[in-house]
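*Asks:* Which chain is which? The protein sequence lines are A and B, in order. Going by full-length UniProt numbering, the letters in the first sequence line up with residues 1 to 321, in that order. Going by full-length UniProt numbering, the letters in the second sequence line up with residues 1 to 321, in that order.
It is worth saying that the hints were derived from the structure and are not from the lab. Careful: at least some of the hints might be erroneous.
A pair holds if it fits inside one copy or across any two, identical chains being indistinguishable in the list.
Capping the alpha-carbon separation at 25 Å, the derived lysine-lysine pairs in BS3-like fashion look like this [as the list claims (entries may be wrong)]:
| no. | residue 1 | residue 2 |
| --- | --- | --- |
| 1 | K183 | K116 |
| 2 | K116 | K235 |
| 3 | K55 | K154 |
| 4 | K296 | K112 |
| 5 | K13 | K235 |
| 6 | K112 | K13 |
| 7 | K13 | K116 |
There are 2 protein chains.
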Amino acid sequence: MAVYTDIAEDELKWFLTEYDAGQLLSYKGIAEGVENSNFLLHTSKAPLILTLYEKRVEKSDLPFFLGLMQHLSAGGLSCPLPLPRKDGALLGTLSGRPAALISFLEGMWLRKPEAKHCREVGKALAQMHVAGEGFALKRPNALSLKGWQTLWDKSESRADEVEPGLQNEIRSDLNFLQASWPKDLPDGIIHADLFPDNVFFLGDELSGLIDFYFACNDLLAYDVSICLNAWCFEKDGAYNITKGMQMLEGYQSVRPLRDEEIAALPTLSRGSALRFFLTRLYDWLTTPEGAMVTKKDPLEYLRKLRFHRQISSPAEYGLSL
Amino acid sequence: MAVYTDIAEDELKWFLTEYDAGQLLSYKGIAEGVENSNFLLHTSKAPLILTLYEKRVEKSDLPFFLGLMQHLSAGGLSCPLPLPRKDGALLGTLSGRPAALISFLEGMWLRKPEAKHCREVGKALAQMHVAGEGFALKRPNALSLKGWQTLWDKSESRADEVEPGLQNEIRSDLNFLQASWPKDLPDGIIHADLFPDNVFFLGDELSGLIDFYFACNDLLAYDVSICLNAWCFEKDGAYNITKGMQMLEGYQSVRPLRDEEIAALPTLSRGSALRFFLTRLYDWLTTPEGAMVTKKDPLEYLRKLRFHRQISSPAEYGLSL
Numbered sequence: 001m002a003v004y005t006d007i008a009e010d011e012l013k014w015f016l017t018e019y020d021a022g023q024l025l026s027y028k029g030i031a032e033g034v035e036n037s038n039f040l041l042h043t044s045k046a047p048l049i050l051t052l053y054e055k056r057v058e059k060s061d062l063p064f065f066l067g068l069m070q071h072l073s074a075g076g077l078s079c080p081l082p083l084p085r086k087d088g089a090l091l092g093t094l095s096g097r098p099a100a101l102i103s104f105l106e107g108m109w110l111r112k113p114e115a116k117h118c119r120e121v122g123k124a125l126a127q128m129h130v131a132g133e134g135f136a137l138k139r140p141n142a143l144s145l146k147g148w149q150t151l152w153d154k155s156e157s158r159a160d161e162v163e164p165g166l167q168n169e170i171r172s173d174l175n176f177l178q179a180s181w182p183k184d185l186p187d188g189i190i191h192a193d194l195f196p197d198n199v200f201f202l203g204d205e206l207s208g209l210i211d212f213y214f215a216c217n218d219l220l221a222y223d224v225s226i227c228l229n230a231w232c233f234e235k236d237g238a239y240n241i242t243k244g245m246q247m248l249e250g251y252q253s254v255r256p257l258r259d260e261e262i263a264a265l266p267t268l269s270r271g272s273a274l275r276f277f278l279t280r281l282y283d284w285l286t287t288p289e290g291a292m293v294t295k296k297d298p299l300e301y302l303r304k305l306r307f308h309r310q311i312s313s314p315a316e317y318g319l320s321l
Numbered sequence: 001m002a003v004y005t006d007i008a009e010d011e012l013k014w015f016l017t018e019y020d021a022g023q024l025l026s027y028k029g030i031a032e033g034v035e036n037s038n039f040l041l042h043t044s045k046a047p048l049i050l051t052l053y054e055k056r057v058e059k060s061d062l063p064f065f066l067g068l069m070q071h072l073s074a075g076g077l078s079c080p081l082p083l084p085r086k087d088g089a090l091l092g093t094l095s096g097r098p099a100a101l102i103s104f105l106e107g108m109w110l111r112k113p114e115a116k117h118c119r120e121v122g123k124a125l126a127q128m129h130v131a132g133e134g135f136a137l138k139r140p141n142a143l144s145l146k147g148w149q150t151l152w153d154k155s156e157s158r159a160d161e162v163e164p165g166l167q168n169e170i171r172s173d174l175n176f177l178q179a180s181w182p183k184d185l186p187d188g189i190i191h192a193d194l195f196p197d198n199v200f201f202l203g204d205e206l207s208g209l210i211d212f213y214f215a216c217n218d219l220l221a222y223d224v225s226i227c228l229n230a231w232c233f234e235k236d237g238a239y240n241i242t243k244g245m246q247m248l249e250g251y252q253s254v255r256p257l258r259d260e261e262i263a264a265l266p267t268l269s270r271g272s273a274l275r276f277f278l279t280r281l282y283d284w285l286t287t288p289e290g291a292m293v294t295k296k297d298p299l300e301y302l303r304k305l306r307f308h309r310q311i312s313s314p315a316e317y318g319l320s321l
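With the rest of the complex left out, here is chain A (with noise of 0.2 Å):
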């Protein structure tokens, strides 16, 4: 959670200008994301999220997030919508960055999710595939295979700081996952970060997805499997079955899963967990002390990763085979 960069007022009503927004009545840097200065504005017609994209995002990118957003709304799906300037152009530059109009979505996330939600997010997952589809721009996953290997060459001589042994045992992961990654299995647009703080309820009631950010192409399972690590887990490490089951249900109720897709599955969780594993390793090593994010422990996706390694069935997830 952060806000990078102060608007002032003027610059804002004269970016404005070029939006079909209302009248500004107020703006506020929201704590939301991490990669970005989030405000909320409220305006005689409807309250707004405004996007200041910093560094960390690359703008040649954001074509295909804002157009995706696009896409995926016009396809039935509750997620926020950037608004077209006057001009046609999704994107425009406030001080000195490329900036977005969003629509703001009501609802909160939650921070103690239930099985009955897991269904819900199941389904909102499948829909987002099925939505996905047609959608003309591609940018592929940074963060698979090659973006994992890359990870670990930067953090491997230390990894045995955060417990010994890991060096080697996070090799073999890789070893095993590089040799029997699956390849042919129906791919698409994937979210790729659909942890609870991006799907937003009203009551128990999906009411959206949000941040696409990390929205990319990729095996459309894998992105069940992100799911499952997110949202399946319990606070002391434990699979949630239940959860597991009703995710799984939710997902197929929609868009059911191949065959092939669900023997994958061990494979692909286990890659997920691994994904996020390395990236949390990687921040652990170098964010300095004191600084103003918050470090995720990177230790709680290795037990996960321990999790889907001894996996002997798909079945152990919930499913009904």
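Dock chain B against chain A, hints included.
*Replies:* Chain B in isolation, oriented as in the chain A frame:
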């Protein structure tokens, strides 16, 4: 700007059952205020501010602050209004902290205020002083003569790090102010921190005053001198007499200053410049590098202090005597 405390959505919903605030639709931590955690809530009724009071605020002061906002609002001032709970209390508890629900004020603060805005601020300040009459609670100003001495005692030995000779210079200011501080001027409730970021405008119209967490009982004309310091100097350090004139005329259109208040203005302004110099100096010397808080340059207020020191007549502030 900071959000110190995260709130779980189920805790917040539980907290809201004590209020008649409508259905919760969303809440966002906002980057506002450095002492407390603030959240902007959308409900089915109206937007609201939720404030969690962190350690730096004295819990025993909260009835003063919240009661004051209620009193000023009832007196016709546009300012945030605390919502009473169903049991009538203005204060509840959330995440282990005292917490209040307060009406949301639309408007934006001006990064580059003009003379016409200074006039509006002067008027609103006087309206606040008038509306403050009859408020039953008292709170002494902890940042007056005694408080300055305490701050100075902690910083004096290192003052020359900021600028050589500063130790003697500031010591003689303190001696002068201790000897000549006015005593028999009209007193009452003052805002004590009415900087541009605490005054909201919609277009050129002032929409309200916020942040009463420095409010206290003190000389009303001292509050005027704080506003002269906060609003009427340019970035290059020059006093803008047109802004000063507008500020003072605006103020006097609601509450005319007495002759003795006018005569005391140079001394009061010297005191308020010293007050902000001293807190900034202290923060400058004690805040660790890389902390989350932006350090404000104490030299800005040193320059203002030197300006007030050489004033020979209150007319130099833009008063027609």
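*Asks:* Now, for every hint given, state plainly whether the structure supports it.
*Replies:* Each hint, compared with the structure:
Taking the closest pair of Cα atoms, K183 and K116 never come within 25 Å of each other, the shortest separation being 32 Å inside a single copy and 68 Å across copies. In this assembly of identical chains, the alpha carbons of K116 and K235 lie at most 25 Å apart only when taken from the same copy (18 Å versus 57 Å across copies). In this homomeric assembly, K55 and K154 come within 25 Å of each other (Cα to Cα) only inside a single copy, at 21 Å, whereas the closest approach across copies is 40 Å. Taking the shortest alpha-carbon separations for K296 and K112, only the intra-copy value of 18 Å comes in at or below 25 Å, while the best inter-copy value is 40 Å.
Taking identical chains as interchangeable, the C-alpha atoms of K13 and K235 lie at most 25 Å apart only when they sit on different chains, with a minimum of 22 Å there against 45 Å within one chain. In this assembly of identical chains, the alpha carbons of K112 and K13 lie at most 25 Å apart only when taken from different copies (13 Å versus 39 Å within one copy). Taking the closest pair of Cα atoms, K13 and K116 come within 25 Å of each other only across two copies (19 Å); inside a single copy the shortest separation is 43 Å, beyond that limit.
In summary, the structure is inconsistent with hint 1 from the numbered list given earlier, while agreeing with all the others.
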